[in-house]
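**Q** Can you make the complete structure from the sequences, with help from the hints?
Residue numbers (my numbering), protein chains in the order written: chain A, 1 to 326; chain B, 327 to 599; chain C, 600 to 910.
Be aware that one or more of the hints could be misleading.
[Unchecked claim] Anything over 10 Å on all C-beta distances counts as not near chain A; from chain B, calculated:
(1) Ile339
(2) Pro369
(3) Ile487
[What the hints assert, rightly or not] Per label pair, the in silico range of CB-to-CB distance:
(4) B:Pro485 with A:Arg320: 26 to 36 Å
(5) B:Gly494 with C:Ala851: 39 to 49 Å
(6) A:Leu78 with B:Ser502: 28 to 38 Å
Treat the hints as calculated values from the structure; they're not laboratory data.
Backbone N, C-alpha and C fix where the C-beta goes; we use that ideal spot for every residue, glycine too.
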Amino acid sequence: MIDGHYLLRRIGYSGAAFVICVTLTFFILHLMPGDYITNYLLSISNYLPQEAVDQFYQQYGLDRPLWEQYVIYVCNILQGHWGYSYQYGLPVFPMIMQKLTWSLVILLPAVLLGIAIGIVLGAWSGWKSGGKKDLALFNFMIVFRAIPEFWWAIMAVWVFAFSLQWFPLGGFTSISVLSSGLNPWDVLYHAILPICLLTSFIVAGNYYVMRNSMIAVIGEDYITTARAKGLDERAVLWRHALKNALLPMVTMTTFQVAGIIMGSVFIETVFSWPGIGLLTTDALRMRDLPILEGIFLLDALMTIGAMLAADILASHLDPRIRMGDQ
Amino acid sequence: MTRNAFLWISVAILAVYFTVALLAPFIAPYGATEITGSPFQPPDSGHLFGTNDVGQDIFSQLVYGSRVTLIFGFCSALLSVSISTCAGIVLGYYGGNLDEVVCRILDILMPIPIFPLLIVLTTFFNPGIVQVSILMGVLGSIHGIRLIRAPALSLAETPFIEGARSIGATDLRIMSRHILPNLMPVVTAKFVSSSQHYLVMGVGLSFIGLWDTMTVDWGSMIQNAYSSGALSLGLWWWILPPGIAVVGISLALALAGYSLEESFNPRLEVNRI
Amino acid sequence: MSLLEIAGLSVQFEGRDGTVPVLDNIDLEINSGDRVALIGESGCGKTVFGMSVMRLLPSNARVTGSARYAGRDLLLADEREMQQVRGKKIAMISQNSASVLNPVLTIGDQIAESLTIHTSCRGKDLHREVIALLTSLGIERPEENMQKYPHQFSGGMRERILIAMALACNPDLIIADEPTSGLDALVKAQILELLRTVMQDRTLLLITHDLGTASALASHTAVMYAGEIVEYGPTQELFTYPLHPYTQGLIAASPSAGFHPIPGVSPAPGQVPPGCWFCPRCTCATDRCSTGHPSLKKTGTNRQVRCLRYD
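**A** Put into structure tokens, the structure is as follows:
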């Protein structure tokens with residue numbers, strides 16, 4: 001029973017945001033001094049015959065008017081043709097997808113665990129707000145969040161990998177097993193520390209939002225109404241408080257999940273994990289613009305998609321949005 | 327401990343950082359990139375925090391590096407909060423079509439991820455610290471405008487604003503003399519939390535190599551030490567000082583931010599820290 | 600027979616700047632079948648009184664005295680015991696219907712909830728029961744409406760839903776806190792009529808600032824000023840021959856009597872004057888009113904008043 005107008009408006013916004021992102025990347029690419037020829041082909045070979053250059057321009061539609069190129073560019077983006085890396089001369093899209101797979105190995109478990117633990121801890125802390133345990137946890141989280149992620153990662157490497165030698169110093173596989181292909185257990189062994197770190201960052205972020213949300217909800221009149229009915233505290237928490245407190249969490253969590261692609265940059269840099277993050281730093285050092293744009297586009301697409309999903313989810317949870325009369 | 331005590335401790339710590347950044351040439355014994363000794367010298371009287379891989383004085387780098395970090399953090403925060411505040415007040419006060427249109431635009435801009443966009447733009451424009459700070463501030467204000475707009479809107483509808491209007495105060499005067507002072511608590515809290523956020527992000531961006539390699543700041547110091555294996559070589563004096571410096575100022579700002587936020591948000595009053 | 604007997608009930612709130620007394624030494628007896636109204640200005644502690652009987656005050660409230668229900672002091676009961684009392688023995692109709700209903704649950708669920716926790720009514724029976732309740736409160740198309748969410752109803756309809764929730768388990772006592780606040784005159788009259796019908800054979804504690812509501816519903820009325828009861832008696836008599844100057848003032852201030860407001864304002868909690876608390880605003884105060892604090896005295900057969908003039 002989702003209100004059609006509301007959904008349409010949201011989809012319209014997402015589309016507009018997508019167009020802006022694509023346009024931004026298009027103009028950055030085209031305003032750039034030089035083009036594929038000067039930046040990429042000439043770096044491979046010193047001499048190019050003029051016919052080859054012309055053919056290239058024709059092939060890639062660079063001889064057409066700008067607006068036509070723009071349309072072609074958008075079509076290409078939709079088909080996954082995201083340009084070529086300066087450094088490797090390879091198409092950007094498959095490169096990013098391959099790295100994304102590696103990133104997801106640590107991101108997926110971290111995001112799922114992080115959201116679940118963050119919500120549970122935050123809800124509990126908010127429910128008990130003002131108590132000793134709540135304050136202890138709250139203060140701990142403030143301090144935890146204030147310390148930069150990459151610093152936590154470096155300290156974790158120092159303590160757990162270097163001093164205690166429980167985990168490897170970095171990378172995704174041991175060289176000794178590489179000859180016989182990738183061993184899932186070996187990868188997992190390498191992934192545990194980064195996953196734990198990422199999870200705790202996500203927990204800390206969600207904890208704070210969930211706690212505030214819960215504190216706001218327990219001050220509401222309908223919580224008193226629920227108690228006045230004779231419900232026990234557990235039922236008040238589960239049936240009445242939790243669902244209301246989760247409403248603002250949906251949007252916040254989406255923001256965090258979308259942002260975590262970039263959040264993993266630090267973790268991947270510290271642990272030399274071959275994902276999007278490492279690709280980003282690498283491209284940043286080499287000023288490999290097409291790759292950076294590809295990553296930006298990917299992140300934008302994921303964020304836009306995630307926010308649309310969050311809107312739909314929120315309207316499922318909150319009847320006031322669902323009916324379209326907020 | 328009370329909230330106020332936390333606030334004052336934070337302010338004192340921040341004052342120390344600012345003093346160091348301002349008086350860097352008088353405090354640092356050497357230049358930031360000056361080679362002043364043999365590599366990997368442990369801390370002693372000549373080199374307070376030892377030397378790095380090429381024999382630069384780590385203490386001096388730390389002192390000079392504070393300038394880059396602080397400028398980036400506070401300038402972007404100042405710019406972002408100023409834009410948010412001005413735009414938020416104007417939107418909230420005038421309302422109507424302008425407000426409607428800008429809010430729609432913000433709705434559309436919201437999902438565009440700022441961090442990667444910043445990376446792309448800075449690479450494209452090949453920037454200095456100031457340019458990146460400006461970019462960061464402008465991009466960051468997209469998320470701040472709504473935060474200020476909401477209370478400005480409800481303030482604009484209160485009787486005392488109506489009153490001010492009825493005695494003939496100009497719009498500009500109402501916004502600057504009546505609405506702004508009432509929003510100062512929110513604006514201050516936002517500024518402090520943004521500073522912390524941007525400062526840490528700046529160090530992080532430098533850690534992943536956004537600045538050009540000649541700029542000495544805490545992020546590049548940590549990156550340099552970490553990637554050169556300071557941990558496995560046991561060269562703790564190389565990596566710890568910049569790390570502790572970031573953690574210190576970030577903690578101070580975070581504590582100040584939370585103390586302010588709590589004192590302005592009565593709903594959170596029970597959570598005394 | 601006395602159903603709820605409140606004796607010496609005092610409530611203080613602990614704040615950052617010391618404790619603030621809100622209710623002082625309240626004695627009130629509610630017999631089975633009584634409909635007692637507690638009237639007074641906003642902020643005099645009426646709502647706190649209802650909440651303290653239900654034991655729903657926040658944790659910084661200090662409650663002393665006793666509230667005996669069926670021989671048991673509710674103020675000494677543990678949380679489990681209170682959960683058996685709330686909703687089942689004593690139910691509440693809270694004020695401000697816009698915020699007391701949970702926005703994310705259907706009203707059918709919210710009404711059924713009391714039945715689920717206090718009775719063995721389940722499944723089809725439960726459904727039938729909820730529909731019967733909604734019908735009895737004049738909510739049309741109950742089948743359809745029980746699937747709706749609170750924000751889809753008007754204020755008057757939400758009030759009916761709240762009444763349905765309170766009546767669900769057929770409680771011995773209903774505490775209604777400003778049941779008609781925020782409604783326009785026509786709807787208010789409808790709700791009052793409805794309440795009069797459904798409360799006919801029930802015991803009611805009505806908390807209100809509105810004299811009209813009290814006189815329409817209550818058999819007895821207690822007048823509260825600055826956290827203490829200043830006058831008590833049968834409603835009809837009390838409104839016809841008010842004894843306490845404050846009650847007289849309240850009646851004179853009502854719209855039907857021509858809006859003659861009582862001069863001054865009620866004292867803030869904890870800042871009551873010495874002597875009679877109403878003295879600074881009283882038109883018939885004498886010198887002794889500012890020194891001796893009067894006690895609640897019986898006058899006549901069934902009236903009580905807290906005023907030195909009746910000593």
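**Q** With reference to the structure, classify each hint as holding or not holding.
**A** Hints, one by one, checked against the model:
Taking the minimum C-beta to C-beta distance to chain A, about 12 Å, the non-interface status of Ile339 (chain B) holds against the 10 Å cut. Under the 10 Å C-beta cut-off, the non-interface status given to Pro369 (chain B) relative to chain A holds; the minimum distance is some 18 Å. Non-interface status of Ile487 (chain B) relative to chain A is upheld: no Cβ of that chain comes within 10 Å, the nearest being about 25 Å off. The supplied range of 26 to 36 Å is met by Pro485 (chain B) and Arg320 (chain A), whose beta-carbon atoms lie about 29 Å from each other.
Between Gly494 (chain B) and Ala851 (chain C) the C-beta distance comes to about 41 Å, which sits within the given range of 39 to 49 Å. Between Leu78 (chain A) and Ser502 (chain B) the beta carbons are some 48 Å apart, a value that contradicts the proposed interval 28 to 38 Å.
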